[in-house]
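Number of protein chains: 4
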Amino acid sequence: MQTQTFERMESNVRTYSRSFPVVFSKAQGARLTDENGREYIDFLAGAGTLNYGHNNPELKKALVDYLATDGVVHGLDMWTSAKREYFEALDELILKPRNLDYKIQLPGPTGTNAAEAAIRLARKVKQRHNIVAFTNGFHGITMGALAPTGNRKFRENTGGVPTVGGSFVPYDGYMGDAIDTLDYFEKLLGDKSGGLDLPAAAIVETVQGEGGINVSGLEWLKRLEGICHDNDILLIIDDIQAGCGRTGKFFSFEHAGVVPDMVLNSKSLSGFGLPFSHVLMRPELDQWEPGQYNGTFRGFNLAMITAAAALKQYWSDDTLAKDVQRKGKIVEERFQKLASQLTDAGMPASERGRGLMRGIDVETGDIADKISGKAFEHGLIIETSGQDGEVVKCLCPLTITDEELEKGLSILETAVKEVIGG
Amino acid sequence: MQTQTFERMESNVRTYSRSFPVVFSKAQGARLTDENGREYIDFLAGAGTLNYGHNNPELKKALVDYLATDGVVHGLDMWTSAKREYFEALDELILKPRNLDYKIQLPGPTGTNAAEAAIRLARKVKQRHNIVAFTNGFHGITMGALAPTGNRKFRENTGGVPTVGGSFVPYDGYMGDAIDTLDYFEKLLGDKSGGLDLPAAAIVETVQGEGGINVSGLEWLKRLEGICHDNDILLIIDDIQAGCGRTGKFFSFEHAGVVPDMVLNSKSLSGFGLPFSHVLMRPELDQWEPGQYNGTFRGFNLAMITAAAALKQYWSDDTLAKDVQRKGKIVEERFQKLASQLTDAGMPASERGRGLMRGIDVETGDIADKISGKAFEHGLIIETSGQDGEVVKCLCPLTITDEELEKGLSILETAVKEVIGG
Amino acid sequence: MQTQTFERMESNVRTYSRSFPVVFSKAQGARLTDENGREYIDFLAGAGTLNYGHNNPELKKALVDYLATDGVVHGLDMWTSAKREYFEALDELILKPRNLDYKIQLPGPTGTNAAEAAIRLARKVKQRHNIVAFTNGFHGITMGALAPTGNRKFRENTGGVPTVGGSFVPYDGYMGDAIDTLDYFEKLLGDKSGGLDLPAAAIVETVQGEGGINVSGLEWLKRLEGICHDNDILLIIDDIQAGCGRTGKFFSFEHAGVVPDMVLNSKSLSGFGLPFSHVLMRPELDQWEPGQYNGTFRGFNLAMITAAAALKQYWSDDTLAKDVQRKGKIVEERFQKLASQLTDAGMPASERGRGLMRGIDVETGDIADKISGKAFEHGLIIETSGQDGEVVKCLCPLTITDEELEKGLSILETAVKEVIGG
Amino acid sequence: MQTQTFERMESNVRTYSRSFPVVFSKAQGARLTDENGREYIDFLAGAGTLNYGHNNPELKKALVDYLATDGVVHGLDMWTSAKREYFEALDELILKPRNLDYKIQLPGPTGTNAAEAAIRLARKVKQRHNIVAFTNGFHGITMGALAPTGNRKFRENTGGVPTVGGSFVPYDGYMGDAIDTLDYFEKLLGDKSGGLDLPAAAIVETVQGEGGINVSGLEWLKRLEGICHDNDILLIIDDIQAGCGRTGKFFSFEHAGVVPDMVLNSKSLSGFGLPFSHVLMRPELDQWEPGQYNGTFRGFNLAMITAAAALKQYWSDDTLAKDVQRKGKIVEERFQKLASQLTDAGMPASERGRGLMRGIDVETGDIADKISGKAFEHGLIIETSGQDGEVVKCLCPLTITDEELEKGLSILETAVKEVIGG
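For the protein sequence lines, the chains are A, B, C and D, in the order given.
The opening residue of the first sequence carries number 1 in the UniProt record's numbering; numbering runs sequentially from there.
The opening residue of the second sequence carries number 1 in the UniProt record's numbering; numbering runs sequentially from there.
The opening residue of the third sequence carries number 1 in the UniProt record's numbering; numbering runs sequentially from there.
The opening residue of the fourth sequence carries number 1 in the UniProt record's numbering; numbering runs sequentially from there.
Don't read these hints as lab results, they were simulated from the structure.
Possibly wrong hints are sitting among the right ones.
[As the list claims (entries may be wrong)] Computed spacing ranges between beta-carbons, pair by pair:
no., chain 1, residue 1, chain 2, residue 2, range
1, C, T414, D, P97, 49 to 55 Å
2, B, P97, A, G37, 30 to 36 Å
3, C, Q28, B, R152, 47 to 53 Å
[Unchecked claim] DSS-like, lysine-lysine: derived pairs with alpha carbons at most 27 Å apart:
no., chain 1, residue 1, chain 2, residue 2
4, B, K124, C, K329
5, D, K61, A, K192
6, D, K187, D, K222
7, A, K124, D, K222
8, A, K60, B, K60
9, C, K187, B, K192
[Said to hold, decoys possible] Take a look, some chain D residues computed to stay more than 12 Å from chain A by CB distance:
no., residue
10, R18
11, V64
12, P162
13, G176
14, K374
15, T414
By construction, the Cβ of each residue, glycine as well, lies at the ideal position given by its N, Cα and C atoms.
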């Protein structure tokens with residue numbers, strides 16, 4: 001595989017090609033193939049972007065058919081047949097069955113664009129600058145989205161321009177099991193000199209992906225919703241990684257029975273790996289003036305075609321959702337065993353997650369890297385997350401076959417065994 | 001055409017559907033077709049995103065062929081065959097022939113992501129917070145890119161969080177013909193108490209698209225390059241709208257013989273309307289640590305496939321470039337006539353532009369809106385730009401046929417006649 | 001008393017004249033006299049500025065003698081005999097006996113100027129923007145000092161310019177007795193994605209004056225010092241209100257055996273109510289370039305004359321310190337009784353404080369205002385503090401006579417009785 | 001003279017003691033005396049703080065008399081007899097005769113505190129963040145006042161926290177005689193994408209002191225007033241250095257017939273070198289809530305005593321004002337001669353100023369430093385200003401005797417002669 005082109009021309013900023021230094025040429029379902037023809041099971045899946053697998057055939061068919069008719073590919077935010085199809089599919093298959101009444105904003109096609117738009121709107125509506133985020137939260141790294149993003153790697157490397165307008169409070173479990181972190185949040189909210197400016201919004205992930213598969217309790221989420229409501233604070237759920245079925249329901253907040261004021265989706269929203277995002281908002285919050293937020297790629301019609309196809313294919317009934325729950329249990333059990341083995345071997349580890357968003361916390365980035373590295377040697381692509389990269393994270397396609405899942409888990413078990421063996 | 005779905009579900013922020021309130025279903029070359037089968041000549045072309053026309057057949061073929069082989073669609077920033085193909089095409093067809101030596105960063109796939117990345121890197125390299133921009137410049141609206149963007153519509157509506165780290169100096173011609181605005185910039189740079197913090201970078205468009213087709217002189221650009229060099233300031237050319245051949249050369253700065261430290265491209269970079277952007281930078285500026293800038297859609301392989309195809313199809317020789325220059329002259333002459341007619345009718349107007357990036361400044365948004373509105377009635381899509389929307393702007397596909405160009409210009413002439421007639 | 005002049009000409013921003021709406025004409029020791037000749041016991045003492053009483057005779061003598069010789073009054077930061085006298089008195093009587101080795105910066109003559117200077121220096125030395133403060137901390141309201149100040153009243157009323165570069169963590173006791181808030185701080189410091197940018201400094205009051213007489217434990221302070229040291233964070237003690245003997249030692253941090261990296265003093269530093277402040281810093285932190293921080297009134301010689309006189313008069317031995325401790329106990333006991341009486345009457349209350357910095361927390365600003373109002377009717381000036389004004393605060397002169405102290409406490413008891421009686 | 005104490009204990013930030021490395025012990029009128037008994041003529045006068053001279057006898061008498069009666073020295077912002085006396089003197093002697101109707105805010109006692117208060121109020125009233133300042137303007141260095149202050153020395157050394165909410169436009173004459181800089185300002189104000197956010201206020205010095213004795217034209221000021229009025233922008237005149245008679249009238253803007261919305265005074269306001277400042281504002285702008293801006297030393301009664309005495313002594317008629325104008329002409333003529341001599345000797349120089357605020361611009365800091373240094377050797381204290389310290393600046397007491405003025409000018413002439421002679 002020729003890699004000199006990359007080494008010569010690509011910025012040092014590249015990352016994944018450091019962990020997986022091969023050139024990939026093909027991808028199908030839960031499998032990636034490199035230029036030497038070697039196949040890999042993919043537990044990374046575009047960091048949660050490929051919930052329906054690589055080159056999902058149904059979605060690809062819809063895409064190619066659309067191209068064949070010379071459908072509009074790029075139309076800024078003009079009205080197109082594709083956009084109407086997406087809106088209607090979203091309404092019929094997702095919103096109405098869940099009694100959700102939202103308007104849709106299409107910002108730029110990435111998660112960080114969606115976070116920027118939602119944050120700006122929340123500030124505009126409430127006329128307050130502060131956005132409360134939670135420890136280990138991740139919402140993007142453009143300057144607006146970075147304000148409520150916890151990672152020092154990005155926050156402290158902006159060249160002398162600190163982020164403005166974000167504050168952090170502890171996520172569920174951050175202070176140990178004995179403490180409900182919302183007690184602290186609530187105390188700060190009621191405190192006129194506690195240093196927490198009354199926020200326009202709280203932005204939260206129900207399961208933190210980049211933060212290390214931290215799972216918020218369903219009661220905690222419900223209480224958070226109540227606190228926001230009581231204090232006139234908008235609740236924004238960033239469902240960019242946990243949404244689109246990842247946790248076993250379309251929206252991850254459904255488990256908790258929460259109704260956010262705004263919802264962010266991206267990553268698997270197009271279903272095919274096409275850049276796409278939307279902001280859902282309660283209708284009364286739609287206080288934008290025409291054109292007050294824009295972006296060249298804010299209505300990417302190909303993504304809306306595949307997004308609509310994905311909804312029709314997978315969300316007309318609960319088959320996929322139940323299957324995710326079933327597979328999630330499989331991964332949970334296998335990960336628990338791995339955690340036990342590691343712990344027994346003197347490497348304390350624990351399992352956590354919801355649905356097919358699962359991780360093994362091995363407490364150090366070093367051990368996690370070793371496991372990921374060994375797994376790659378044996379044909380499994382799996383990444384680490386968490387503040388120190390200490391969590392081995394499974395984000396396999398939701399549509400992975402049982403056979404592929406088994407293969408991936410077996411490889412992981414081999415990798416762990418080798419790491420334990422030293 | 002059913003539009004209630006949009007009216008009910010789409011955020012008020014929508015804009016183009018207000019000027020062109022129909023539902024488009026097909027697009028080919030320089031033509032858009034609505035659901036009633038009505039055809040429109042497209043002088044908007046995705047605000048400069050479709051330089052090679054809608055559904056360009058060569059590019060579409062490359063895209064569909066790639067999909068047929070299950071090529072990798074989404075791979076974060078992993079190495080793929082598609083990425084190598086793009087890098088090599090860029091190197092062979094664009095960089096080497098122009099004696100340019102740049103490294104490539106793929107940030108998020110939109111222009112504002114590219115601006116954020118370049119600005120952050122400039123600050124990091126120079127350890128200075130200030131980025132100098134020019135009056136009427138536009139570089140995106142995420143909070144980082146907004147700092148050097150001039151539009152109050154965005155700047156003043158961020159909900160109580162002012163942008164940080166941008167300063168403005170007058171663009172070429174801003175103070176009238178008699179004054180070289182760079183005199184002022186140079187004086188400020190040398191002044192220890194002038195209020196201009198020594199900038200990390202200057203960011204400039206050689207022709208300002210959103211700002212109203214303001215064209216910088218080639219000597220002015222060359223002098224700007226010298227000033228930046230002498231003051232240890234990076235020169236960033238934002239070629240997002242003016243690049244990819246729009247002005248008659250691949251990079252708009254080639255006319256001036258300038259070699260920027262960084263270049264931003266997006267919009268027509270993929271050639272097919274697919275979200276894509278890159279930052280080019282002198283190799284010694286590539287001081288990123290691995291992973292210090294990221295984004296889920298930063299390596300969109302489909303876009304790289306069409307981008308490579310576009311380079312091969314249109315930039316292997318200078319045929320397209322010369323054709324753009326030829327058509328540019330046609331538009332220039334016709335626009336000059338229209339400007340004269342408007343002026344004679346008591347509506348002072350003037351023409352300006354470079355290549356196929358051209359506008360008629362009619363001095364008020366009201367008149368420009370009327371012209372655009374009348375044009376739409378007659379089957380031409382053309383937008384306005386400038387601080388008050390006072391410039392009717394032609395960004396037709398570079399590949400527009402002479403017949404289509406003629407048709408579009410004729411419609412515009414009819415529209416102008418009707419507006420003059422009252 | 002003629003008050004129309006004030007009502008007509010003075011800004012609405014005035015506050016104390018709303019609680020104490022008389023015109024004062026004379027002041028001696030712990031007594032203020034209004035224009036009608038009525039005398040008041042002063043438990044406010046310039047909000048802690050008059051530790052040695054109004055018009056302290058020894059200090060006044062030094063001041064008048066200096067004026068008689070035409071000593072330099074204002075000399076920017078030029079060297080004067082008065083400055084040398086102050087520096088030497090500070091060194092001999094305060095620093096050396098406590099084994100403290102500090103350099104002195106004279107910023108503008110107010111506490112907020114000192115906070116601005118210290119914060120800026122900390123950022124400069126550590127090349128980090130973040131300053132950690134504690135809930136309910138108060139350090140001034142100019143924009144730099146406001147960043148680590150908790151009060152929404154100021155923070156949220158800056159006209160659309162949020163403060164930049166401050167973060168808050170919970171003060172000792174903020175989360176209840178069972179939780180050591182430094183556990184949380186320490187966890188955040190070690191967390192690469194917790195949202196707390198690695199701080200340049202932590203700024204803390206050992207007893208929070210404006211925040212409501214919140215008293216940090218001595219072990220908590222000592223542990224804080226250790227955490228700062230271990231994490232390369234500067235520890236700044238804001239001793240503006242708690243210093244100059246208020247807690248029973250010259251510096252309030254002496255109780256804990258802590259040695260801060262920087263110390264802020266102001267308020268009672270001149271001893272005579274003259275505007276004055278200094279920043280003390282470990283010598284290696286003095287990385288200022290000449291002139292990098294300035295201010296017209298940064299070397300107010302009259303204040304240095306009285307400051308030196310105060311040190312000589314009161315800090316040549318421990319007489320005053322011991323007397324403060326003795327009187328502090330008197331106030332503590334009497335306040336405890338008042339708190340019990342209030343609690344018994346259904347108004348839950350508690351006493352807290354250190355030395356002669358003491359308060360009764362009555363839990364609502366309404367009750368506290370009533371007590372303060374009744375006290376004023378009976379001839380006692382006493383203010384409230386805390387986030388909601390819920391703490392009746394005693395900051396009487398340290399030099400108050402036992403008779404005056406008794407009188408003041410008696411009036412307060414009468415006031416409480418009346419409030420209980422309804 | 002013992003200076004080791006300073007060298008050991010004082011922060012490196014010290015400046016004036018580097019130019020004038022002696023220890024001063026006495027000061028009278030326009031004369032300073034060092035500990036060796038050497039006398040210096042003082043053309044610095046506390047950087048404009050001692051308009052009425054050191055230890056002005058009338059003011060000292062008022063001060064000592066007040067102290068003798070145990071008048072209130074420090075009373076936060078409580079009403080005192082001293083404050084009423086000051087308010088009434090200001091009203092009767094200054095405001096009413098000039099038909100000015102202002103309310104008074106007493107912020108912290110320094111100029112930067114006044115600037116912070118005025119800026120915050122302007123933002124609050126107009127609900128806009130931007131404050132427009134002018135090139136080479138200086139308004140203080142706390143973070144809020146620094147936003148509209150031009151000096152890189154301070155702006156670029158805030159440790160990674162850029163100032164927020166200030167923009168700069170060119171001061172009168174900045175772009176040469178042929179260009180009215182207000183044309184540019186007006187164009188930016190009317191430009192929706194020029195990058196200048198609509199400002200809450202413009203803040204300007206009529207003669208820039210720190211900026212290098214730059215003198216704005218009276219018509220320019222009047223036009224600025226009109227532009228502000230037409231664009232709903234508050235006009236804040238920072239008269240901290242140019243006010244209190246320095247230019248030949250009490251307020252420097254009287255020359256232009258301008259009525260600012262707010263006025264800042266400090267420096268010579270107390271008349272005796274005591275820290276003091278006020279903000280004057282049109283009554284309808286007084287939209288402060290009680291306590292929304294505070295500060296321990298905001299009502300320094302001793303300063304109000306001397307301020308009232310100064311008004312009574314010097315502003316009951318126009319004797320002083322006329323005398324300032326007369327002496328200003330003397331300095332002007334002598335400075336013009338010096339400028340000619342320097343120019344003739346190959347060191348291009350020019351004179352400028354208004355009243356007794358005058359400078360010789362010698363174009364390099366090096367020459368200016370030499371002149372100042374030689375002058376000091378011969379017994380004259382005179383400082384430099386301007387972005388590069390290139391302007392030798394005369395701010396002698398307004399009450400200087402003709403003999404002292406002559407002596408100072410003679411020394412300066414000697415110094416210039418020596419510098420020319422090499």
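So, going through the hints one by one against the coordinates:
1. Between T414(C) and P97(D) the beta carbon distance is about 50 Å. The supplied range of 49 to 55 Å therefore holds.
2. Evaluation of the 30 to 36 Å hint for P97(B) and G37(A) yields a pass: the beta carbon distance comes to about 35 Å.
3. One distance hint, 47 to 53 Å for the beta-carbon pair Q28(C) and R152(B), is violated here, with the actual separation near 58 Å.
4. For the proposed pair K124(B) and K329(C), the alpha carbon gap of about 56 Å is over 27 Å, so the pair is violated.
5. For the given pair, K61(D) sits about 46 Å from K192(A) by alpha-carbon distance, which is inconsistent with the 27 Å threshold.
6. As the CA atoms of K187(D) and K222(D) are separated by approximately 17 Å, the hinted pair is consistent with the 27 Å bound.
7. Between K124(A) and K222(D), the direct Cα distance comes to roughly 37 Å. Violation of the 27 Å bound is thereby established for this hinted pair.
8. The hinted pair formed by K60(A) and K60(B) meets the criterion: a straight-line CA distance of about 14 Å does not exceed 27 Å.
9. Taking the CA atoms of K187(C) and K192(B), the gap is about 43 Å. The hint is violated against a cut of 27 Å.
10. Even its closest Cβ contact with chain A, about 29 Å, leaves R18(D) beyond 12 Å, as expected for a residue assigned away from the interface.
11. Taking the minimum C-beta to C-beta distance to chain A, about 41 Å, the non-interface status of V64(D) holds against the 12 Å cut.
12. At roughly 6 Å from the closest C-beta of chain A, the C-beta of P162(D) falls inside 12 Å, breaking its exclusion from the interface.
13. In this structure G176(D) is separated from chain A by more than 12 Å, as the shortest Cβ-Cβ distance comes to about 33 Å.
14. The Cβ of K374(D) lies farther than 12 Å from every Cβ of chain A, with a closest approach of about 41 Å, so its non-interface assignment holds.
15. The claim that T414(D) lies off the interface holds: its Cβ sits roughly 47 Å from the closest Cβ of chain A, which is beyond the 12 Å cut-off.
The structure fails hints 3, 4, 5, 7, 9, 12 (numbered hints given earlier, in ascending order).
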